[in-house]
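Colleague: Chains as they are written, first to last, in our numbering: chain A, 91 to 604; chain B, 91 to 604; chain C, 236 to 484; chain D, 236 to 484.
Derived by calculation from the structure, the hints in this document are not laboratory data.
Hints are supplied without guarantee of correctness; some may be wrong.
[Stated by the list, open to error] Result set (EDC-like, lysine to aspartate or glutamate): computed pairs, CA atoms no more than 20 Å apart in a straight line:
1) D:LYS451 x C:ASP312
2) D:LYS278 x C:ASP312
3) C:LYS306 x D:GLU282
4) C:LYS278 x D:ASP434
5) A:LYS220 x A:ASP93
6) C:LYS278 x D:GLU289
7) B:LYS542 x A:GLU530
Below are the chains, spelled out letter by letter.
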Amino acid sequence: MIDQIKLDENLVAQAKAHGASIASDVLAFVQGHTTVAVERTICRLLGIDGVNQVYAPYANVLVEHLKEWGLLSIGAAYFIAAAHLETKMSPQEIAEAVDQGQLQLGSFALPPGVTASDVLAPYINQSLKKIAEQRAKREEKIAAEPKKDRPLIYCIVATGNIYEDITQSVAAARQGADIIAVIRTTGQSLLDYVPYGATTEGFGGTYATQENFRLMRQALDQVGEELGRYIRLTNYCSGLCMPEIAAMGALERLDMMLNDALYGILFRDINMQRTLIDQHFSRQINAVAGIIINTGEDNYLTTADAVEEAHTVIASQILNEQLALAAGLPSEQMGLGHAFEIDPNVQGGFVLELAHALLSRSLFPQAPLKYMPPTKFMTGNIFKGQSQNTMFNIASYLTGQNIHLLGMLTEAIHTPFMSDRALSIENALMVFTSMAGLAEELEIKSGGKIEKRAQLVLEKALELLEEIDQNKLFHALEKGVFADISRSSQGGKGLDGVAKKDERYENPFSQIWS
Amino acid sequence: MIDQIKLDENLVAQAKAHGASIASDVLAFVQGHTTVAVERTICRLLGIDGVNQVYAPYANVLVEHLKEWGLLSIGAAYFIAAAHLETKMSPQEIAEAVDQGQLQLGSFALPPGVTASDVLAPYINQSLKKIAEQRAKREEKIAAEPKKDRPLIYCIVATGNIYEDITQSVAAARQGADIIAVIRTTGQSLLDYVPYGATTEGFGGTYATQENFRLMRQALDQVGEELGRYIRLTNYCSGLCMPEIAAMGALERLDMMLNDALYGILFRDINMQRTLIDQHFSRQINAVAGIIINTGEDNYLTTADAVEEAHTVIASQILNEQLALAAGLPSEQMGLGHAFEIDPNVQGGFVLELAHALLSRSLFPQAPLKYMPPTKFMTGNIFKGQSQNTMFNIASYLTGQNIHLLGMLTEAIHTPFMSDRALSIENALMVFTSMAGLAEELEIKSGGKIEKRAQLVLEKALELLEEIDQNKLFHALEKGVFADISRSSQGGKGLDGVAKKDERYENPFSQIWS
Amino acid sequence: MQDKNFIKPYGDTLNDGKIQISFTLPLDAGAKAQAAASQIMEKLGLEDIVIAQEQSLSPGFTFYVAYGSFKAAIDLDTIVVLENEQKALTIEETDELIKRELGRKLTVIGASTGTDAHTVGIDAIMNRKGFNGRFGLERYDMLITHNLGSQVLNETLLQKAVQENADVILVSQTVTQKDIHIHNLTELIEMAEAEGLRDKMVFICGGARITHELAKELGYDAGFGSGKYADDVATFMVKELIRRKESNF
Amino acid sequence: MQDKNFIKPYGDTLNDGKIQISFTLPLDAGAKAQAAASQIMEKLGLEDIVIAQEQSLSPGFTFYVAYGSFKAAIDLDTIVVLENEQKALTIEETDELIKRELGRKLTVIGASTGTDAHTVGIDAIMNRKGFNGRFGLERYDMLITHNLGSQVLNETLLQKAVQENADVILVSQTVTQKDIHIHNLTELIEMAEAEGLRDKMVFICGGARITHELAKELGYDAGFGSGKYADDVATFMVKELIRRKESNF
Ligand code: B12
Ligand code: B12
Ligand SMILES: Cc1ncc(COP(=O)(O)O)c(C=O)c1O
Ligand SMILES: Cc1ncc(COP(=O)(O)O)c(C=O)c1O
């Protein structure tokens, strides 16, 4: 059996311990703070939906109002509860009234001893119930479908138009895709609000909106019924609205969410305090909703070298793992990321890829790993691209990966056409069919290059984690340990949306889930 | 190390013993006969070249003349020697005189005790010298080039025009091809003469002519110098002129020749007596010229099923091996054929392919095996074709094959364009580079499916060889044991060119090489 | 373009017209060859041209991969479905039809002709077991079949046809390089015409690169390419023989 | 066609014109869609059409792979090599030229603009280490460079340019879907014009899908796509600045 590799258990334990120590540091910081995004998420989970006349979401309207009046640190739940107690208005009515200038939330206060959780219990429970129902529905559908002894085929759609996305997704499902990810339009992650309604105008992707989630979920459920399979849906809870999108996904039964503790900091220049607070609440939501997170370690290798920086992927996986555990997200929901990004012209590169893939596989035996295809060394030569992807499909299959992000032969050219996806699915299914059973027939040479390489990368990851643990994560990010990118803890976008929690502060949901 | 597999040595020995017994039967028959092609070959090796006014090769003119006068069974060497002794004319002059109706060979006879070999010694030695020189030149060039730790990339050219073929071949060599095979025009194998001169009008291939050989050899030597590599040249010595082409190849320094004991019988409906006699002499020539033969077992799998009929490939390889040994051709020159022809939609088909490839590899450890790419299940979907070929490249590399016939993505459409070949070479080189060293890192599970499959196929091959041995080869071919094709020993083309040897008969070359 | 009967190629948005192209130019890679590549894309009538890849194959030859949008549109209303594209009858239906309308068994002679040694195609049509699960003509009760195999001379094929009093001739051609199939197929029809056989028999050809249009152009009654099986051929030939019989009255 | 300045695509024989095509039609697979596919090949001006593959992608969508021969030919004499395709100078040559002809250091400001977060392209041009072994602009003694990174608003870029008294603006755009790059690039030029900066600075854009033609159309001085490096850009900008200086006299 090839999908196992011997690791030095002592090294593994040390690396994970450093990860846990870093995560507990982060947690301590996170627990003392909130953000506008967290507060908007609470609003949404209390049932505040819709947009006002200038298309501002009511959740934003309410939270902006708090921020304007310097009340952010006390939190939305507190004021909604207080206003509700006094006016008997629902959270939605309260938000609309705020929008109309009819309410000033600062004028309300909770009587001593009364908590927002108590006051808002009916609203809270309604959301919890809806999330639980969606989770149960997913579990039921998955239990009913035939099990697959191979990676799940994950395809992206990125037309920018939700209706074209649906056409593409349904076709992909019929061709054999197991998971559909609707890629987000460029720029959405920097918006400090979630757009509303069905959208048809994105660039390099489609807006993540609750209505778009609903439309796609419906279409996939329908084609899934027809095919006797459950088609999983993925979107991105990253960027300045990370936890809000987590909430929307939980309500609309998304199955996976791109959610990385560091991605926004590194690749979108979002402030690190903001991101780390947001990701914690997002993961609590994902955890309860049974949503698998997909982390973004693959991104490192699009700028840094996949051989030299292999250990940063491993270190980051451990960080993501430990931060996820800190948020109550179990291993079974950790789609930790890695990627097949070694230059295909590197002599013996495939051997290294196998070592890396097996290292991830063995470090996180319970986790549904997400394996990303070649992107950096894809070229306009789509024929060569097709064979690069074949090699990737083989590596993924042999090493027992779980979430197999399909490489597209046109990666270097455009977001996928329907035919690109079909050709790529055909490629993967052919490999999975023809190579069925191969992993069981092969064994890795004990003490050979593959084991040695895995050991080396693990050692280097441990060193890096040690260093981060010593210097603290914020400082390490300032030094630029990941993807050759350095970020300052006071720089980046969204820092003004961070607030230190007041002692009156309450997040009823986090309380339940902690 | 993956390119080894455990075989039951006892089964191997039995199978080879049956092969040897079948071959010795064939040899007994062959030794009592000659054919027009063998006689023409003797003419050519005695220096008879060129064509007459109606473009008939002088070798044909002379041998037709003998046939007309019922002298075939005494052989060309005898009469040329006799005429030479009397007229002092060179073999070429004799042939020309016969063409002009100026000589009647039947009127000459050798004095008792005088052999053709003695009389013609200067002419014989001249050919032998030329062949030896060409062989030495090849060996020198190969010794000077860097060794390759991977299969040699074998590409076909098939434009029908020798000059376009050269353009294509030179480009392919630059792209990384190690071996160029000039595919023959459809129909040439049924011609009972070898066309003359440079040709530009073939269909699905280019005429095999001595001049075409020379032109291509020159072009490849030139580009090879430039690249610091030796580019090998291949053609077909099969069909009704099998041994003549062997001779031409020996003189023009071809490096490999398609030459199968059964191919012509099965796939061209050439009479089996004729083919078996011709192949023996061909192989003697190939042997002395240091030319690697390529056998055609792959062809079986284009009509028969690759899983069910895998054992016929093995049985035929053993037959080809034993017949080659009987002709003095060493294992190092046996490019025994097999093919990657299992439907890519067969569950676990790749595992079977590995078993088959390893079985061939292990049965003939010294032989430079020729591995053929997918053809039957190639479709007009060139993108899928590219990944089928990637899987083939991997199988070939992992199992340590030697002569790697490159699959073309356009296999189901047309003979290769320059770009098809370039894309295929790129595909193979990428696999060989990226997977370098992988075979050493993997081991085959002992007692697993791969070993069991190899054992099963070997058992079935043994059974078949037993049956052929019992019934004799002619009879087995009548029963249709290969490729679902049956042929009668009295049917097919070219039987009228076979003659039983007279006691005066002499083949000076065969005598030297036996 | 709004008319539902006009269509364009589809990339990821309706009517985006996206097409993928690749070709080699007999030029060295570089600015000049790139410009020539773009000109080719323009002459193909494409817009939004993307030259995605330029790759030297050898001095003097450069390979391009490109994408573009097809400007024109196809009017579906102008498309006529060909006579050999009718729905195939089952074996029973065909046998029944022959019995009813022609009242006798039909004789079919097939071969892979000229120097062509490919038999899998003609066997797929004629042999009992057929291909891809579609049975061959040998399985029809009302057909007498003779499969002459491969490398059959046109002369031999016609001789046999006369000898057996054939109703239908089936010719397979697989090798098409330098248009050898056109040469072979034309020769057969010319020989048949010379011998006065052309109208006495139904002439059908087939092969991976044969289309119905090509067959008609060459003077055949029909042509069948890949994805066509015995039932398609049987349906056509029987209907054609019935049509001929009827038009003779 | 005999004229050596006319060329056609090359398959395996000079002037065979062979081109490979693939596309999807929004139609169910079958005779009608096949006919439409052939019509598309004809409208592309191709002959010897081979529809090599028909493959259903989903109900309503069918994929085709086809080959054909290009009827037209390209007249190489009509091809003009673009101004940004000149041979690149070395770093030393460029520095030397700046010293000699302009007599001062030049200031270059670069960014990946709008919402575009791709930095590898602009870094390849600007960062010291460059790309594919070709050093970046930071390595030039006579250039002062500012790489603002990604997701930079056009506004911010122009502000910075004014502040630093820039000679050259470098803009990178990688995401091109729904023509967002055209929107971003146009906006920048319009803002520059409105602020009277357009002629004071050399505006250059780049990215995998940017061509020189497109750049010119959008009002830029030059555009550079893949396979272009810092030396190409440096050569162009210096020559352009010298040209401007000279034409001002
Ligand atoms: C199998 C095969 C062989 C086998 C043939 C064995 C045999 N007994 O038939 C062998 C190995 C012997 C062979 C040899 C050669 N082959 Co070959 N071969 C193939 C291969 C791999 C498959 C063809 C096949 O069997 N297809 C399956 C059948 C069922 O499909 P089909 O023929 O299209 O038939 C269907 C329809 O077309 C239709 N049909 C066919 N005939 C007819 C007739 C009628 C009347 C009707 C109604 C319908 C009909 O019905 C069938 C079912 O749908 C193809 C590549 C490929 N993957 O397609 C190359 C291919 C056909 N071969 C090719 C060539 C060039 C050759 C050689 C000439 C090479 C050489 N120079 O040595 C030689 C043949 C020499 C000769 N004298 O002909 C080329 C042809 C290129 C071209 N277009 O000109 C191909 C395309 C490979 C390539 N890319 O170079 N080949
Ligand atoms: C690396 C990468 C990323 C990294 C970027 C990391 C980083 N810091 O840059 C990450 C993972 C973050 C990423 C994200 C996304 N990506 Co991206 N990514 C790529 C990838 C794999 C390689 C791009 C690259 O680095 N090329 C190498 C550089 C050196 O090449 P280059 O940019 O062409 O630059 C050269 C020339 O063009 C020129 N040049 C470039 N800029 C300039 C400027 C000037 C002034 C000059 C003179 C020259 C010049 O010089 C360079 C050297 O020759 C490509 C696919 C591919 N293989 O090409 C996709 C690709 C570019 N990404 C794509 C997309 C859609 C995205 C996302 C929008 C997806 C999403 N919705 O989330 C996001 C970006 C979101 C956003 N806000 O922009 C698409 C773009 C499709 C299109 N044409 O519209 C591509 C093509 C993938 C695909 N097929 O879908 N991506
Ligand atoms: C972890 C993660 N989050 C998010 C994204 C998408 O980017 P954005 O959040 O800017 O839409 C990616 C892109 O691949 C990613 O890997
Ligand atoms: C062993 C062998 N000989 C010959 C040929 C070529 O056929 P022909 O001799 O008809 O040219 C092949 C074709 O693949 C072959 O495999």
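Colleague: Are there hints from earlier that the structure breaks, and if so, what are their numbers?
Modeller: As far as the earlier hints go, 1, 4, 5, 6 are violated by this structure, in ascending order.
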